[in-house]
Structures are given as structure tokens and as C-alpha cells.
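Kindly generate the complete structure, drawing on both the sequences and the hints.
2 protein chains.
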Amino acid sequence: MIKHKITIVDDERLFKAGIKLLLEQEDDIQVTHEASNGQELLDLLETPNFETDLILLDLSMPVLDGIDTLTELNKNEHDLKIIVLSSHYNDSLILKLLDEGVSGFLAKNENPEVVIHTIRKVAENGFYINDDILKLIRNRRLIAKTKESNETLTSREAEVITLMCNELTTKEIAQQLYISPRTVEGHRNRILEKTGCKNIAGVVIYAIEHNMYEVNITKFR
Amino acid sequence: MIKHKITIVDDERLFKAGIKLLLEQEDDIQVTHEASNGQELLDLLETPNFETDLILLDLSMPVLDGIDTLTELNKNEHDLKIIVLSSHYNDSLILKLLDEGVSGFLAKNENPEVVIHTIRKVAENGFYINDDILKLIRNRRLIAKTKESNETLTSREAEVITLMCNELTTKEIAQQLYISPRTVEGHRNRILEKTGCKNIAGVVIYAIEHNMYEVNITKFR
DNA sequence: AATGCTATAGGTATTAATACCTGTTTTCAT
DNA sequence: ATGAAAACAGGTATTAATACCTATAGCATT
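Chains as they are written, first to last, in this note's numbering: chain A, 559 to 779; chain B, 559 to 779.
By construction, these hints were calculated from the structure, which means they are not laboratory data. Check each hint, because a few of them may be wrong.
If chains are identical, the list can't say which one is meant, so a pair holds when it fits in one copy or spans any two.
As the list claims (entries may be wrong) - Listed below are the simulated PhoX-like cross-link pairs for lysine-lysine, each with C-alpha atoms no more than 25 Å apart in a straight line:
{"id": "1", "residue 1": "563", "residue 2": "578"}
{"id": "2", "residue 1": "729", "residue 2": "756"}
{"id": "3", "residue 1": "561", "residue 2": "639"}
{"id": "4", "residue 1": "563", "residue 2": "679"}
{"id": "5", "residue 1": "578", "residue 2": "639"}
{"id": "6", "residue 1": "654", "residue 2": "633"}
{"id": "7", "residue 1": "654", "residue 2": "639"}
This is the structure in C-alpha cells:
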């Protein structure tokens, strides 16, 4: 019996834990590694003797999201089979992902059986796409690559940003992380530098736009 | 052994299936019913002999989302224990949910153990809030906000907020509006007071959540 | 061994933001 | 026309944020 070794990359712990259980009910599937964001995946790939047959990659993550992770991966040769996870697809996103060489797509709102099926198909044939998504590709258009390369934030910096978004002051962040306020200032300065923002207001917007901090657009005011 | 009978309401099948497996690893928890949206839950409740101890309710769903479902439920008397699932909470959302009488909150990015723990606590005590969310409430000055949550912002204040979101300092805003920096400060103080925010970071998030400032979250469209 | 990156943290300044006052003028609805 | 908001603006503080420095320890890579 060949076991497919799967690596899950998703920031939602609950989702990750759930899908892991789901997959491991199958005899031929084994979740061997997990990562919470793209950076962790890249680190994983660097570890010696790392081996995986297939990567389930979530698109929306802090630190290094799915798209950026793919771009990063494709800077070097690799033969990874990657199935992308997203809660919503549209045509240009699909095209972009195809362009980045992914092997399959899965909607987060999908039957467990379809997930299993997609994994097996990708493992066997190297590529699998279901009918709904195929339909999207039929009317294919070319898209221009307009990806600006911005400096990636470290996970510590991402942590500080999240706390900044929660209205914590430098001092409060320092207490929360058990480090000196000066260190937090250092992180904040690097954050402003990397993101090109002028002040905290800009950082908050940056965080929201890069899925590091989620907001609910409320219908009640 | 008392089994807690759980009903899961979530549109993401994968998530639902995952969390079901997770919960059923516990001896005292049993997932007896599932629904994909609020309407399905309402239908379930209408079926004779329907019985559930606790409902896990996702907020973002098609057809009838979590908030609307709660509103609908509260039109009639009921003694349901409801734990809300969301990927992100903010102050006004928490307020709204408390108002709708929910018994607990869970972040989707949460450890499985916390989920189990919350379910048990709610089942035992009827209500449970974990420390992270408590902290959020403290940070956002929920109590202060309760008193004056119906205070509306003036158009001048809204104007200042927009400029704050554009990373302008008080001085720059003053120049832009041809008024004194002191006046801008006055506006800003009223804004913090009315919105119950601690600082600019909070105001930016408030602005985005209240559709006063648009952000571009998706990288591709 | 040398390099570079990250996280750590202190020094010294300046500028901005926040808090709590005071007051006048303008605007607008009753 | 009168009273209540709203917009305006100054006084005086304190605290926080930002802008430059420097520096060291840990760690991985070359």
C-alpha cells in the first residue's frame, strides 16, 4: 500500500486539525507535515530529508500568503505537487494559479469525498481539475504578470502588526511579548520601512489588505 | 455518561466534516445534526422531536447568515445554547452577539482543545468566554462603548477619519481642510470618544468596518 | 572563519498623539 | 429668535510614536 504523504499549509488551526483527521481516515493518505504560513513551508522544504508527495496550500495566510509562496517556490526548480485551497475562486485567480504551476484546486466548501478524490488524482496523474473549474478556463484570457516584489515580513514582525491592529501601544505590546519596548520599536521601524507606510494607520491598512488582520464589514452601525 | 448533543451550522463542508471528526473523538460529545446555513437550521428546529444541547453557529454563510439567523431565532422564545464561530471578532460584533444572547464565542483559528473546552463550559455553565476574547473586549473598551454606541459621527468627523486613514498627521489634515490643528485635535478626540477606540489604529479599523474607507483585500480579481 | 539576517535592547532627539481644560462662532431646527 | 449642536481654536500637560544612532547574541549559510 502506497501512502500519499501530505503537507498542510493553513493558518487556521481548527481547519488544519479537522482536515488532518479527515484525510487520515483514508488508508492511503498520511499527513506528515503541517505549516501555518508560507514561510514555515519554505523553512520545512529546507530541512534535510524532508519528503512530501503533495502540498495542500491555503491562499489566505499571514506572513507569506499562498500566491507569494508559489512565486517564491517557483524561483527555484522544484517538482512539488501543490493543491490550492481557497474559499472562493474566480477566473483570473485560477489563471494566475495555473500560471504558477499548481496541480489542483479545492474549494474550502467542498465535500470531503471530493478532497480525497482530488488528492488521489493529483498523486496519480500529477494534475486534476474538476468540471466547475474547467468551465472557468474555457474562455481563457491572458493575464499580465504585475507582481511587485515587496520585502517579506518576519513572523515576529507579523506578530507585532497584529497587536498594533488591536490598539495596543508599544509598551503594551512589549509586555505581551515579554520583551523590551525598545525591541518593539525596532520591529515597528522595520515594519514601517518594509511596508513603506508613514504611520500606524498605514500599517493597519497594510495588515488588512494582506490578510494579516481580518475585519468584519458590519451591517449594523 | 452524559453526551452533549451538538448541531453544527456552517457552509464549508470541509470545515464542518473536520470539526465533526474532531468533536467526536471526545466521549462526551456527539454531533447529532448539521446544517449548511441559517435556513436549514430553522427548518431543523421545526422538525418534531428535534433535540440539541448546543449549536455551533458560523457567522458567514449564504442564504441566512449567522447574525440574521440569531435575529430570526430571537423572534420566538427559545432556550438554545449557541456558540458562535467566526474568524474574526470586533467590538461591535461582540456587542451585537451578546445582545442576541449567544452563550460563547470561538475563533476559527483556535486550538481544538479550546473548542472542546468551550463546549463543555457552555454546556455546564450556560456561558463561556475565553481569555483572548476577554482581552479583546478590554482592549476595545467595550463597556465605554455600550453607553454611547448610538452616537453618530458628524460629516466633518467622517472627513477627518478618512484623512487619518490616508496616513495624514493632524497638521497635514489641518492644512488640507484650511483649519487649525487644534480643531483637528478636537475632532479627533470626539472621534475616539464616539467610536470607543483607543488610538488611530482602532479608528482605521472602525472606518473600514463601517464602510468609510475602502480597502482592497484581494490581490487578484 | 566570515557573512548576513533576526531578535534583542539601549541612547538621544524630535514630532505626533492623547487628555482635559477653556472659549467663540456658525449652523440649523423648533 | 433662541437653544442645541457642530465647527472652530487656544492653553497646558503627559504619553506615544517616529527617527536617527549603536551594539550584541543566536543562528544558518557560505
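Against the structure, the hints:
1. Proximity of residue 563 to residue 578 under the C-alpha cut-off of 25 Å is found in both arrangements, the shortest distances being 12 Å within a copy and 23 Å between copies.
2. For the homomeric pair residue 729 and residue 756, the shortest alpha-carbon distances inside one copy (20 Å) and between copies (14 Å) are both at most 25 Å.
3. Taking the closest pair of Cα atoms, residue 561 and residue 639 come within 25 Å of each other only inside a single copy of the chain (15 Å); across copies the shortest separation is 42 Å, beyond that limit.
4. Proximity of residue 563 and residue 679 under a CA criterion of 25 Å is satisfied intra-copy only: 14 Å inside one chain copy versus 36 Å between copies.
5. In this assembly of identical chains, the alpha carbons of residue 578 and residue 639 lie at most 25 Å apart only when taken from the same copy (18 Å versus 28 Å across copies).
6. Taking CA atoms no more than 25 Å apart as the test, residue 654 paired with residue 633 passes inside one copy only; the shortest distance there is 15 Å, against 46 Å between copies.
7. Within a single copy, residue 654 and residue 639 get their C-alpha atoms as close as 16 Å, which meets the 25 Å cut-off; across copies the closest is 44 Å, which misses it.
When the structure is compared with the earlier hints, no violation turns up for any of them.
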